[in-house]
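Enquirer: With the sequences and hints as input, model every part of the structure.
Below, each chain spelled out in residue letters.
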Amino acid sequence: MSSKSSPYLIVAPGLILLVVFLVLPLFSIIWPTLYDGGFTLDSYISFFNSSYNVSILWRTVKLSMIVTVLSVIFGLPTAYFIARSNRKWRSLMMGLVLFPLLTNSVVRSFAWINILGTNGIINRALLATGLIQEPIQLLYTEFAITIGSLYLFLPLMITTLVGILENIDSEIVEAAETLGASPVVAFMKVIWPLSIPGVIVGSILVFTGTLTAYTTPQLLGGNQNMMMSTFLYQNAMTLGNWQNAGVIALIMIVTTMVVMKGFNLLAARIDKRGGDLHA
Amino acid sequence: MRKQKGLALFALLVFLFLFFPLLIIVVTSFGENPTIQFPIQGFTLDWYANVFRISGFINSFWLSLRVSLLATILALVIGVPAAYGLSRYNFKGRTVLKGFFLSPTIIPGVVVGFSLFQFIVIKLQLPIFQGLLLGHFLISLPYIIRVVGSSLEQLDFSIEEAAWTLGSTRLTAFFKVVLPNISSGIFASFMLAFINSFNNIPVSQFLSGPGITALPTNLMSYIEYNYDPTVSALSVLLMLGTILMMFLIEKTLGLASIS
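Protein chains in written order, with the numbering used here: chain A, 1 to 279; chain B, 280 to 538.
Hints in this document: simulated from the structure, not taken from any laboratory. All figures in this text were calculated on a predicted structure; none of them were measured in a lab. Cβ atoms here follow ideal geometry from the backbone N, Cα and C, with glycine treated the same way. Possibly wrong hints are sitting among the right ones.
[To be verified] Within a straight-line C-alpha distance of at most 30 Å, the following computed BS3-like cross-link-like pairs (lysine-lysine) qualify:
no., chain 1, residue 1, chain 2, residue 2
1, B, Lys284, B, Lys377
2, A, Lys272, B, Lys371
3, B, Lys530, A, Lys88
[Claimed, not checked] Some chain A residues flagged as far from chain B (calculated, every beta-carbon gap over 10 Å):
no., residue
4, Leu24
5, Tyr52
6, Val61
7, Leu98
8, Thr103
9, Ala111
10, Ser170
11, Val190
12, Ala245
Expert: Structural data, given as structure tokens:
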């Protein structure tokens with residue numbers, strides 16, 4: 001085996017399988033949405049002309065943004081706490097964070113059905129205290145999808161951030177505090193800027209995760225609150241509208257890529273600014 | 280010091296948020312009422328027995344186990360050499376290929392599922408099982424490439440070259456020197472890919488057929504029509520599975536290696 005051709009030889013099987021079973025199938029669902037006797041964007045124009053379709057796309061992007069912001073708000077202090085704990089506690093807490101992450105997403109969504117349902121814990125508690133007379137609608141709402149997705153992806157944000165925060169030298173925080181910064185100021189001026197790269201990586205994971213998640217919107221959102229992934233499934237398997245499913249597929253891929261590119265540009269920019277600072 | 284207390288309290292609340300919902304599932308799995316209630320009345324193990332009575336669950340468990348194991352092994356067989364080629368050699372198109380091998384993670388699961396459904400099930404008319412296997416192979420491959428790739432990058436390749444100089448063939452050197460040195464990376468990637476494949480919904484949802492349904496897909500459709508503690512009981516069993524996995528990972532590698 002000559003060393004010149006061998007790298008190609010050993011990556012070839014994987015390459016062939018990916019081309020045949022990923023690229024070709026993708027091409028075969030997307031091609032018909034772009035070609036109809038000639039290149040056309042008609043399917044996409046009519047997709048965006050329907051306010052119903054646009055509302056689903058908007059809901060998907062909006063909820064993904066909200067979930068990302070919430071996961072930073074709840075994840076960063078928690079990750080900071082974990083990173084600052086002593087070794088024994090830290091590994092225990094990391095185990096606790098990983099546990100939900102490794103638990104099936106159906107189980108995790110089902111947990112929220114028990115809490116938010118008409119007969120769920122929140123409604124029963126509110127009825128028992130007499131605060132409400134009728135059960136309130138919590139399940140099958142955007143709120144349910146938001147909290148379910150946050151539940152799904154918060155551990156991902158925390159594990160990402162702990163890795164980054166562990167590498168921040170605790171002495172610089174102490175230095176800031178010795179120099180008179182209050183803990184909150186020290187956090188904002190020292191920890192926050194240093195954790196931004198981690199926040200960006202975590203945000204990519206949470207944002208794209210929420211954007212493409214299927215189980216949670218299916219179980220907690222219902223048909224009234226579809227997200228792009230459940231909308232794709234409905235078009236493909238219930239309505240048999242493969243054309244529209246292909247359109248949704250490409251929009252999802254493009255949105256995911258735009259979001260990743262955007263976050264990466266942001267990261268590069270912050271890196272550059274940091275570089276200037278050091279120089 | 281006050282700051283520390285506030286922070287600890289905040290973290291505690293987040294942990295409560297993470298565990299309270301799962302705790303409710305555990306508690307409701309023992310309730311006697313035929314619908315889920317919290318707090319529960321009475322205590323019974325009937326719902327656990329029910330999981331085993333509903334033959335669909337057991338069948339789909341074995342199917343999921345088979346599909347995930349086979350798909351992950353296939354991804355290892357294809358992915359480990361590919362990861363080796365991508366990190367060991369400097370060749371034209373390496374960066375592009377690396378990105379390409381990780382691309383299944385960028386494509387949303389439902390899109391992978393739908394495209395495979397249309398291509399493999401409808402166009403090629405391959406048996407459902409093979410389609411399901413291919414789908415799970417595709418979602419497993421990036422984990423192998425990424426995790427094995429990063430352990431290869433940390434490997435000092437001079438030991439491999441030493442083996443070559445001492446007369447071993449490239450293949451022998453790979454099996455006797457490289458593989459043992461990245462074994463923990465291989466194990467970590469296997470666990471990650473397996474768990475991910477076993478828990479996957481979107482791809483499996485599209486690639487089910489009569490009698491061929493993955494466990495999570497089966498559970499999901501059960502939830503859409505039923506609301507009884509059988510689901511809680513099955514969920515608890517799945518959580519026990521997660522604990523077993525975490526225990527195995529902790530014993531062999533330490534959990535830190537997969538986060």
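Enquirer: State for each hint whether it applies.
Expert: Hints, one by one, checked against the model:
no. : hint                   : result
1   : B:Lys284 with B:Lys377 : violated (46 Å)
2   : A:Lys272 with B:Lys371 : holds (29 Å)
3   : B:Lys530 with A:Lys88  : holds (15 Å)
4   : Leu24                  : violated (7 Å)
5   : Tyr52                  : holds (19 Å)
6   : Val61                  : holds (14 Å)
7   : Leu98                  : violated (6 Å)
8   : Thr103                 : violated (5 Å)
9   : Ala111                 : violated (3 Å)
10  : Ser170                 : holds (13 Å)
11  : Val190                 : holds (13 Å)
12  : Ala245                 : violated (6 Å)
Going down the numbered hints, you'll see the structure goes against 1, 4, 7, 8, 9, 12, while the others check out.
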